[in-house]
Amino acid sequence: MFMPMSMTSSVPLSTVAAGFITVLVGFTSAAAIVFQAASAAGATPAELSSWMGALGLGMGVTCIGLSLRYRAPVVTAWSTPGAALLVTSLAGVSMAEAIGAFLFSAALITICGLTGWFERVIDRIPLPIASAMLAGVLARFGMDVFTAMKTRFLLVFSMFFAYLLCKRLWPRYAVIVVLFLGIVISWWQGLIHIESSQLALATPTFTMPSFSLPVLVGVGIPLFVVTMASQNVPGVVVIRGSGYATPVSPLITWTGATTLLLAPFGCFALNLAAITAAICMGKEAHEDPSKRYLASVAAGVFYLLVGVFGGAVGMLFTAFPRELVLAVAGLALLGTIANGLSGAMKDERAREPALVTFLVTASGVSLFGIGAAFWGLVAGIFALAALTWFLRAAPSQASAARAPAVPGRVDAR
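FYI, the numbering for the sequence shown is 1 to 413, going by the working numbering.
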């Protein structure tokens, strides 16, 4: 399950750092939401540790297994929008009924992968729209680098300056230097708090599921919809936008099947990652695109550590100051954002629909519990279809106007 010796000897430090940053950003940005979701279901401390352990194990196994199988950087994650949904929808729901809803949602996701219909739909998305959606999803992280300067100017500006300097002198190690510098400055300023973190092995806590129709409809189906629309769709777009032709259906099938297996222990939903996946797909992870899968394998190893030690490691990741995490994530994603914008604007005919996609996605608008990435995709495809129809209609109208009059025909105008 861990990387073999022959592989580890050829893995650059930048690749391992990309995997670490992937897990760091994933945990610090959403661990608190998962804790709240478990608390909403009435989880005991042992059950909370089991939740984190099951999620870490599921993400680690799928990251490592799928990345090695397809030799592509496949990063999985828990469903952050799904966790946010559970915070409000699990109130008054027993843990057994919650587990039943997790199993139902996972079964629906697995069916989507096995039937292949999700891949057929996703492969029809035009590349400029997909690239614009990718840039829109990541834009907030790029902007967060500069908004974080308002609260921790010395820390973030030092990291930003170091990034620019290293991009000129040692571009391959720019993110590593930024991360190391950020940790040193944060430690010097007393911003890292690990005193209360104690490593302890996670103990799996099995909960026998109970199936309640109102809970299946009110929790299971929304969890499925949010996971597919807000997580798996942008996750596939990131893979495609980064130039990888990995088959989608097996990825969806395995994330659904892994969730089915681990749901009784608290794994509520696994899916393809988008934001954190992009960290493993850029040049900072590896100069050779065919070797970037090693970064997602490294991320899987760090996820497995979370699975072994449960919530303790999750709390350790959250000990870093928020501004450090925002700066590292944003700087690591600058190249991916630039590539997304370049791909979105390349085709002049799709430029405006791509811009619509980017703006809607970057706006963060959410409707019916579904995030902005999905609605940006819908808006861009609608704009592209409308403009294409108008372009087709205009020549035909012009041709009709230029057509010679038919002898004996009365002009009704």
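Hints listed in this document are in silico derivations from the structure and should not be mistaken for laboratory results.
By construction, the Cβ of each residue, glycine as well, lies at the ideal position given by its N, Cα and C atoms.
One should not assume that every hint holds.
[As the list claims (entries may be wrong)] Within a straight-line C-alpha distance of at most 25 Å, the following computed DMTMM-like cross-link-like pairs (lysine to aspartate or glutamate) qualify:
no., residue 1, residue 2
1, Lys167, Asp288
2, Lys346, Glu287
3, Lys283, Asp347
4, Lys167, Glu287
5, Lys167, Asp123
6, Lys150, Glu287
7, Lys167, Asp144
8, Lys346, Glu47
[As the list claims (entries may be wrong)] If you anchor each label on the Cβ, the simulated ranges turn out as follows:
no., residue 1, residue 2, range
9, Thr147, Thr388, 35 to 41 Å
10, Pro171, Ala319, 26 to 32 Å
11, Thr388, Asp123, 17 to 23 Å
12, Gly364, Thr151, 18 to 24 Å
13, Gly364, Gly218, 24 to 30 Å
14, Val308, Thr388, 50 to 56 Å
15, Met208, Gly116, 29 to 35 Å
16, Gly364, Ala46, 34 to 40 Å
How the hints compare with the structure:
For a cut-off of 25 Å, the pair hint linking Lys167 to Asp288 stands: about 17 Å separates their Cα positions. Taking the CA atoms of Lys346 and Glu287, the gap is about 24 Å. The hint holds against a cut of 25 Å. With a C-alpha separation of about 24 Å, the suggested pairing of Lys283 with Asp347 holds against the 25 Å cut-off. Distance check on the hinted pair: Lys167 and Glu287 sit about 13 Å apart at the alpha-carbon level, within 25 Å; holds.
For the suggested pair Lys167 and Asp123, the alpha carbons sit about 35 Å apart, so the restraint of at most 25 Å is broken. Between Lys150 and Glu287 the alpha-carbon distance is near 33 Å, which puts this suggested pair outside the 25 Å criterion. With a C-alpha separation of about 20 Å, the suggested pair Lys167 and Asp144 falls inside the 25 Å cut-off, and the hint holds. Distance check on the hinted pair: Lys346 and Glu47 sit about 50 Å apart at the alpha-carbon level, beyond 25 Å; violated.
In this structure the hint that Thr147 and Thr388 lie 35 to 41 Å apart at CB holds, the actual value being about 38 Å. Under the hint 26 to 32 Å, the C-beta atoms of Pro171 and Ala319, about 29 Å apart, fit the expected range. For the pair Thr388 and Asp123, the supplied restraint of 17 to 23 Å holds, since their beta-carbon distance comes to about 19 Å. Taking the beta carbon of each, Gly364 and Thr151 are about 20 Å apart, inside 18 to 24 Å as hinted.
Judged by the Cβ atoms, the range 24 to 30 Å given for Gly364 and Gly218 holds: they are separated by roughly 25 Å. For the pair Val308 and Thr388, the supplied restraint of 50 to 56 Å holds, since their beta-carbon distance comes to about 52 Å. Separation of Met208 from Gly116 is about 33 Å and conforms to the stated range, judged on CB atoms against 29 to 35 Å. Separated by about 36 Å at the C-beta atoms, Gly364 and Ala46 satisfy the suggested range of 34 to 40 Å.
In the structure shown, a violation is registered for the earlier hints numbered 5, 6 and 8, in ascending order.
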